[in-house]
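One-letter residues, chain by chain:
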Amino acid sequence: MKILVPVKRVVDHNVKIRVKADGSGVDLSNAKMSMNPFDEIAVEQAIRMKEAGDASEVIVVSVGPAQAQDVLRTALAMGADRAILVEAEGRVEPLAVAKILQCVAQTEEAGLVVLGKQAIDDDCNQTGQMLAALLGWSQATFASRIELAGGRALVTREIDGGLQRIEVTLPAVVTADLRLNEPRYASLPNIMKAKKKPLVQQTAGELGVDIAPRLTVVRVEEPASRATGIKVASVAELVDRLRTEAAVI
Amino acid sequence: MAILLFADHDNASLSEHSARALGAALQIGAEVDILIAGQGAAAAAAAASTLQGVRRVLLAEGDALAERLAEPTAALIVSLAGKYDTILAPATSSGKNVLPRVAALLDAMQVSDVIEIVAPDTFKRPIYAGNAVEVVQAGGPLRILTIRGASFAPAAGGGAAPVTAIDAPAVPALSAFRENLLSASDRPELSSARIVVSGGRALGSKDRFDAVINPLADKLGAAVGASRAAVDAGYAANDLQVGQTGKVVAPDLYIACGISGAIQHLAGMKDSRIIVAINTDGEAPIFQVADYGIVGDIFDVVPELERAL
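Chain order of the listed sequences is A and B. The numbers in our numbering rise by one with no breaks, and the one at position 138 of the first sequence is 138. Just so we're on the same page, our numbering is the position in the second sequence counted from 1, plus 249.
FYI, nobody ran anything at the bench for these hints, they're computed from the structure. Worth double-checking, as some hints may not be accurate.
[Unchecked claim] Here are the simulated BS3-like cross-link-like pairs (lysine-lysine), alpha carbons at most 30 Å apart as the crow flies:
1) A/231 to B/468
2) A/231 to B/455
3) A/231 to A/32
4) A/195 to A/2
5) A/195 to A/32
6) A/231 to A/50
[As the list claims (entries may be wrong)] Facing chain A, according to a computed beta carbon distance under 7 Å, are these residues of chain B, among others:
7) 277
8) 332
9) 355
10) 416
11) 420
12) 423
13) 431
14) 468
15) 541
16) 548
The model shown is predicted, which means the values in this text are computed figures rather than measured ones. Cβ atoms here follow ideal geometry from the backbone N, Cα and C, with glycine treated the same way.
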């Protein structure tokens, strides 16, 4: 079984982003870019499945600019077998990404797609569910555990109020939550080896997918800021202020 | 045209987030139908029918819908979609699971985590863990939205909308429900509680987390929350995580104990009305969003606060 792992190049999670003064977007010039942390967990999961003998090949795919090769090389260094870059410039919405991934999953005859539950830039939390819909496959979102057996996957999902266990028929799309695993660091020899692993480049146009955005971003704003608070000297003062000033207790 | 609200419920009762999503739907300003998909869900449908501003409640029941598995539930919503120009759901784990599947089947883009209705086709939503807010316009014939409950007041009760039973389309079973492992607690539900007491990594162990945080929460009748660091360290259960990737809360009072205030945590609580921070490090970022801060040891300050109440 081939496992397909879509990965996204996003601003590194440690970077404090700034909204552009003209409201046209977020200033990412010179910002450090990395693999979306949830996708890193998905890559790790796929590699572990291959190491356990549940998968024959791990293919990573990214939709984005030419620089997205960097995150694909990272995934190859972690242990993925080969990579596909579907070049697409500008804002590519989850629906368009899902359509591109649908083409790739069908061409590669993937038996399982594992990807992060959301990207930490647009925070959409849509691509996996949309891909499952377009392929007509089952879906298991927000996975914290995946067990494969007999053409099915038993998935533990993180839901409001606790956990849920469901069984999905393969092929399926599974989206990774934080606690699925802890991704490994690539060793230096593996980083060197990854440079020789195959990386194929395509464009969205070659796949015949229309990636024109459906939504119009009118502007991007600073979030509402909070008024500066005060430090109180004692617990007694805190209780008094919560009772009288804030009237919350 | 009208709005279809895919409600969150557990068959027996309606989640407060459904009433909050209705609050958002009423701001868009069209007739609203509420869909209750479930099994043995008459009680949830009855609860929905008492919300003011509802035209009618659609009740679809079936074994496959009992836990609202994504495939049959999305097929049900798609079968109803032709009568609506807006389909929305609260951004709960159920809404987030099902609605993007619906959107793709209808070839529409979804607007996730709406925090403000600017116009019937224009919405605000947080991006980059709440460090920026995007204003998006959804053109086209169909809008699909998930609604962040903390940003909208719940619709009032006192209504009496009719409940209509509808059939769900038969679809091949691609998935099966096995079990729910839900945390049992007498405390209020985290994402709708009026007061939240949260603990961070500074607690140092699960035992100390429980010993320090729980008494204060119980004294205040509050829900317990935790930072991602505390959850990752095993001090608190996963479903107590407040933050970008956990629950987003906006209680009247949020008390952060031993939480430094990482960006991803602030994204989950900075819309709280009053924030109290207790931390030994006076420079911790949590103090930048706190209305009241105490620089001090949580192991002294939190028990003292509990006794002073």
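Subject >> Violations among the numbered hints, reported as their numbers in ascending order >> reply: The structure conflicts with hints 3, 6, 7, 8, 9, 10, 11, 14, 16, although it agrees with all the remaining ones.
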